[in-house]
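Take these sequences, add in the hints, and give me the full structure.
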Amino acid sequence: MDCAEVDRFLQVFVDGELDEQDRQLVEQHLAGCQSCRARSEYQRRFIAAVKARVPRHSAPEHLREQVRQLLVSEKRPFLPRRLLWGSLPAAAALALVVTFTWTVTSAFSPVIDEAVQQHSRQPRVELAANDPAAVENWFRRKVDFHVALPSFGSGKLSLVGARLSRLAKRQAALVRYASGPERYSLFVFADGGQQLPGSVCQRIHSLRVCLTEQRGYTVLMWRSRGLVYSFVGDATPGRMMKLLASASREY
Amino acid sequence: MFGSGKKSRKNKMFSEDAAAQLDSLYTTALRLTGQPAEAEDLVHDTFVRALRFRHRFEPGTNLRAWLFKMMVNLFTNNYRRQRRGQDISHGAEQQALLERNYARQKLHASEQPEEFFFEKLFSQDVVQAIEQLPLDFRLVVLLVDIEEFSYAQVASILDIPVGTVMSRLHRGRKLLRSALYEFALEEGYIKETTQKREQDNTTDLQAYRRRKKSGT
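Going down the list, the sequences are from chains A and B.
Numbered according to the working numbering, the first sequence spans residues 1 to 251.
Numbered according to the working numbering, the second sequence spans residues 252 to 467.
Everything labelled a hint here was simulated from the structure, so no lab data went into it.
For each residue, glycine too, the CB sits at the ideal point set by N, CA and C.
Hints are not guaranteed to be accurate.
Stated by the list, open to error - Taking lysine-lysine and the DSS-like style, the derived pairs with C-alpha atoms no more than 30 angstroms apart in a straight line are:
(1) A/Lys169 to A/Lys142
(2) B/Lys442 to B/Lys371
(3) B/Lys320 to A/Lys51
(4) B/Lys425 to B/Lys371
(5) B/Lys320 to B/Lys442
(6) A/Lys51 to B/Lys442
(7) B/Lys371 to B/Lys320
(8) B/Lys320 to B/Lys261
(9) A/Lys51 to B/Lys425
(10) B/Lys371 to A/Lys51
(11) B/Lys320 to B/Lys263
(12) A/Lys242 to A/Lys156
Claimed, not checked - A few chain B residues that don't get close to chain A, going by computed Cβ distances all over 10 angstroms:
(13) Lys257
(14) Glu309
(15) Arg315
(16) Ile411
(17) Glu437
Written out as structure tokens, the structure reads:
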């Protein structure tokens, strides 16, 4: 090997990643070449100096404890940490009572699957409207349940429109929302008493809201006054919980 | 509690081995996020995810690499989004600027290695320089030089070919050395004895640094 070749292999050699044959060839060259030896030594010292100056940190005690609890717990939490540690805004002002129920349920649920599928296809609305009352009215003779919509504060989520839909063979109302580039779909259908799918549930206002994530989408589900709601979006669980929390209680 | 038997022993081993990686993961998380609070969130989320996908881990394979892979993915998918403003400046532009400067100055440190300037540096200087490396380079330097993963392991963690690992490592180290050299000069740790510098280059890099410091 000549100097040019050694130079090409130098980094790999210093990192100990050369195969045995090439390594020996480089070593042989270095034994007889002062300048290559100096370069090799320089590389080595540089990497060692950097490593020595990057401190090893110990994880803080509270993090260590949290991780320990995660690992010993039989039931597994699915919520990201931010949501667990009170990322909901004005939680105190709303006097939110947050209770966590760990439920291990089967991930497969036709309602979730179909809701996510429809949301991802973004079907055209049959009624374009930005007023919840107009939408509720429109559904009056189209479905055999009364569609009651949460009113998300103006400036948070704009109503885009609505259309008829079906979820797991049931009639459903599909209402679409947007916030900038974000898209949301709210499905409403009659409550048949089924268990809500969702791996983690949390209380928001007087509602018990259950969370699932599927194919990268977040799905929140809850029941209220004879109806079941399925709220699908691209956003994080934390953001969607916040949106829901900020919606009016009057529905 | 846990039932007896092979499955629960496996679970226990997984938990113990995973827990042993906590400090390592946290240190890297700090270098990636630059902030303790975010680093804690990242590590916690990593463990949550690791437990959720525990069944996908093949026992006998490298758990450490598996956990790091999970953390890096989480970081690039979720945490990066929130730092979008910062990342644009850490992108191709900065890379090109720094590499152009490096090329013009013909960094002589490698040709005249009498000055082991980097041994005069303090921890915080090096940490800061690493945290300012563009993300692609930073990741490889952290994983190889600090966490001592092999090229093959890094290729698997970052889901890139080994050749790309090698080239990013090479360029990343050069950028790091160049940045540290500039810094050492500015701070007076060393004096410029060899190549005369073009005025422009110094101004470029200093001005760039100043712009970065003021957050523009």
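- Query: Between B/Lys320 and B/Lys442, does the CA-CA distance stay at or below 30 angstroms?
  - Reply: 42 angstroms, violated
- Are A/Lys51 and B/Lys425 close enough, with their CA atoms no more than 30 angstroms apart? Satisfied, since the Cα-Cα distance of roughly 15 angstroms is no more than 30 angstroms.
- Query: Is B/Lys442 within 30 angstroms of B/Lys371, Cα to Cα?
  - Reply: 12 angstroms, holds
- Item | Pair hint outcome, B/Lys320 versus A/Lys51 [Cα-Cα no greater than 30 angstroms] | Cα-Cα ~21 angstroms, so holds.
- Item | Minimum Cβ distance from B/Ile411 to chain A greater than 10 angstroms, as the annotation requires | 16 angstroms, holds
- Within a Cα-Cα threshold of 30 angstroms, do B/Lys320 and B/Lys261 meet the stated pairing? 21 angstroms, holds
- Query: A/Lys242 and A/Lys156: Cα distance at most 30 angstroms?
  - Reply: 10 angstroms, holds
- Message: Need the status of pair A/Lys51, B/Lys442: alpha-carbon distance at most 30 angstroms?
- Response: 24 angstroms, holds
- Given the hinted pair B/Lys320 and B/Lys263, is their alpha-carbon gap at most 30 angstroms? 21 angstroms, holds
- Decide if the proposed pair is consistent with the structure: B/Lys371 and A/Lys51, CA atoms, cutoff 30 angstroms inclusive. Given pair B/Lys371, A/Lys51 holds - Cα atoms ~14 angstroms apart, limit 30 angstroms.
- Task: Grab the minimum beta-carbon distance between B/Glu437 and chain A and tell me whether it stays above 10 angstroms.
- Result: B/Glu437 clear of chain A: closest Cβ-Cβ about 18 angstroms, beyond 10 angstroms.
- Beyond 10 angstroms from each Cβ of chain A, as asserted for B/Arg315: 15 angstroms, holds
Checked against the numbered hints above, the structure breaks hints 5, 7 and satisfies the rest.
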